[in-house]
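Protein sequence lines, in the order shown, are assigned to chains A and B. Start counting the first sequence at 1; every next residue gets the next number (my numbering). Start counting the second sequence at 1; every next residue gets the next number (my numbering).
What the hints contain is simulated information worked out from the structure, not anything from laboratory work. These numbers come from a predicted model, not from an experiment. Don't take each hint at face value.
Not the full set, but computed from the structure, chain B residues with beta-carbon under 8 Å of chain A [what the hints assert, rightly or not]: (1) Ile13; (2) Gln41; (3) Pro43; (4) Glu53; (5) Ala54; (6) Pro81; (7) Gly101; (8) Phe104.
No more than 25 Å apart at the CA atoms, straight line, and that leaves these computed lysine-lysine pairs for BS3-like [what the hints assert, rightly or not]: (9) A:Lys95 <-> B:Lys71; (10) B:Lys71 <-> A:Lys42; (11) B:Lys71 <-> B:Lys16; (12) A:Lys45 <-> A:Lys79; (13) A:Lys42 <-> B:Lys11; (14) B:Lys11 <-> A:Lys45; (15) A:Lys95 <-> B:Lys16; (16) B:Lys78 <-> B:Lys16; (17) B:Lys15 <-> B:Lys71; (18) A:Lys95 <-> B:Lys62.
Ideal Cβ placement from N, Cα and C applies to all residues, glycine included.
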Amino acid sequence: RKEVEQDPGPFNVPEGATVAFNCTYSNSASQSFFWYRQDCRKEPKLLMSVYSSGNEDGRFTAQLNRASQYISLLIRDSKLSDSATYLCVVRGYQKVTFGTGTKLQVIP
Amino acid sequence: EAGVVQSPRYKIIEKKQPVAFWCNPISGHNTLYWYRQNLGQGPELLIRYENEEAVDDSQLPKDRFSAERLKGVDSTLKIQPAELGDSAVYLCASSIDANYGYTFGSGTRLTVV
């Protein structure tokens, strides 16, 4: 089993739709979690940290489920500009692992 | 605040030639990372520095790759000799410390021909 797994997609959704991605991790001792956004041929950029209690930033909501060992990212009211690849990142003791990313395409 | 600065942006070299990448992290960021990203994959860690000390270089192919971070600020990553399979984007990132999310530079796209 991979340390961090994501559905590569692509997820093709219409503007205004709600879309959710999951990311599973194998190490139960993982300590912190992040979502990054990466546009085509650009570097990854931190979207949001994922807190145990869940957190929200505008249209974006991140949640952590330690029992089932996954994190999720929910995007409400999708915009064309949300089209990108979303990478989950899991940090354990002395180690940080990136997922391979989930590609989102928002369609007019 | 200036972000993480990397140079060059693009590099094309013939196999067996040496190549070097340079990174200037955000001022005050003690932790510096070098990642390699292949097309359609997530970034893979090559080496992590805490100040000038390389604290995790377990994924660095030491037969041909080397890195240094003199004075705990700028860093260079070198490949000698380069192989065709080294073609990738090399990303540098920095953070205040390892507990925080980090900022990436724009990367160096290496093509080995």
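Hints and how they fare:
no., hint, in the structure
1, Ile13, "20 Å, violated"
2, Gln41, "5 Å, holds"
3, Pro43, "5 Å, holds"
4, Glu53, "13 Å, violated"
5, Ala54, "13 Å, violated"
6, Pro81, "27 Å, violated"
7, Gly101, "4 Å, holds"
8, Phe104, "4 Å, holds"
9, A:Lys95 <-> B:Lys71, "24 Å, holds"
10, B:Lys71 <-> A:Lys42, "29 Å, violated"
11, B:Lys71 <-> B:Lys16, "30 Å, violated"
12, A:Lys45 <-> A:Lys79, "18 Å, holds"
13, A:Lys42 <-> B:Lys11, "16 Å, holds"
14, B:Lys11 <-> A:Lys45, "23 Å, holds"
15, A:Lys95 <-> B:Lys16, "31 Å, violated"
16, B:Lys78 <-> B:Lys16, "13 Å, holds"
17, B:Lys15 <-> B:Lys71, "31 Å, violated"
18, A:Lys95 <-> B:Lys62, "19 Å, holds"
Consistency note: the structure conflicts with the earlier hints numbered 1, 4, 5, 6, 10, 11, 15 and 17.
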